[in-house]
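Peer 1: What follows is the residue order along each chain.
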Amino acid sequence: MEDNNTKMEDNNTKAAFLGKVTASVTHELQNVLAIIKENEGLMEDIILMSQETSAAELAEKLERSLDTIKKQVLRGVNRTSELNGFAHTTDHVKAEINIFKTMDKLISLTRRITNLAGVEVTIAENAETAKNEQQPSIVTDPVLFQMAVYNCIDWLTSSAFPGTILTISFQKSNNRVSIYITGTNDRGKKIFKNNLQAVAIDHSTAQSVQWQETCDACDKINAVAKIFDDNSGLEIIFG
Amino acid sequence: MNKNIKILLIDDETEFVSTLAERLELRGYDSKTAEDGESGITMISNEIFDIVVLDLMMPGLSGLETLKQIKAINSKLPVILLTGHGATKEGLEGMRLGAYDYLMKPLDINEFISKISLALRELE
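Line by line, the protein sequences are chains A and B.
When you line the first sequence up against my numbering, it's residues 1 to 239, in that order.
When you line the second sequence up against my numbering, it's residues 1 to 124, in that order.
Treat the hints loosely; a few may be bogus.
[Said to hold, decoys possible] Distance condition first, Cα-Cα at most 25 Å in a straight line; then the derived BS3-like pairs of lysine-lysine: (1) Lys115/B / Lys37/A; (2) Lys226/A / Lys193/A; (3) Lys115/B / Lys71/A; (4) Lys32/B / Lys37/A; (5) Lys68/B / Lys61/A; (6) Lys61/A / Lys105/A; (7) Lys94/A / Lys193/A; (8) Lys6/B / Lys37/A.
I should point out that these hints are in silico values taken from the structure, not numbers from a laboratory.
None of these values were measured; they are calculated from a predicted model.
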């Protein structure tokens, strides 16, 4: 009975996470369609008014609209393909996942959410160059893994001052994999609105609810989130 | 005759607003664009507009926060909000804060223009 409850609870949190990411991406797709629709309308307008326009001007205006449509179609195709890949991560409850590729796609899919808070999330250059060498991987539940990492990003995003850049890097040694999320901005040491360690320890504050959820998500995949001593971010430790 | 009507379009999707502005220009409106709430508010402080079209989901200053600041500058300036599907809650909240109405993206240009006309007529 308790196992069933836990499973149901896991499924509910997974569904909420999938819903949040899907809502954000479909919102962006709506913008893509809105831009295509406006350009299609503009092309109609231009053709209707073509008698008042020179051939060169008409061609230039139509080409401009076509270029915008092409760009937006590509944006839409990329987002749809990422969303499709994300939806398929629910296919298996346990799989070997490539940390770099998974993080790269997760950041892309959730970019709109973090951008709305004025925060940029990026993968460290050294992690990117490592992508062709020994890529760290982990065997776990792919959805819960992404949810745990996203919860950490989301918590740091909501705690960060606008203009903050959250840089993700990772390290694998023996059976231990660490993902580091480090904040930087032009405010010097003032990256986050609150002292993360204090918020994490004091469970009575409103922000700590989000931290508690972050820790719970990490627990589900046997990971631990640990705030840096200098308060500049956190480390998620697997294994 | 629409040339005297000045419209400010505020949306971070720059290709969306620039195309919409061009379509409005073709219909004789005088339209300007801003890509975030902060620059939109600066423009409203420095220029007279007849109507503002404001996207609700923007980075930095949110649509609703921008709306509050616009209304603090000029409570009579009509504001039409743009939302995505499923964002009707924010649209209604915006109307509670003084927006004239809200429309969902993608827009229907005729519905959009008739909404602008209605908002301006009510002001007369």
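Peer 1: Hint by hint, note whether the structure agrees.
Peer 2: Right, here's what the structure says about each hint:
no.	hint	result
1	Lys115/B / Lys37/A	19 Å, holds
2	Lys226/A / Lys193/A	18 Å, holds
3	Lys115/B / Lys71/A	30 Å, violated
4	Lys32/B / Lys37/A	20 Å, holds
5	Lys68/B / Lys61/A	37 Å, violated
6	Lys61/A / Lys105/A	35 Å, violated
7	Lys94/A / Lys193/A	37 Å, violated
8	Lys6/B / Lys37/A	23 Å, holds
Going down the numbered hints, you'll see the structure goes against 3, 5, 6 and 7, while the others check out.
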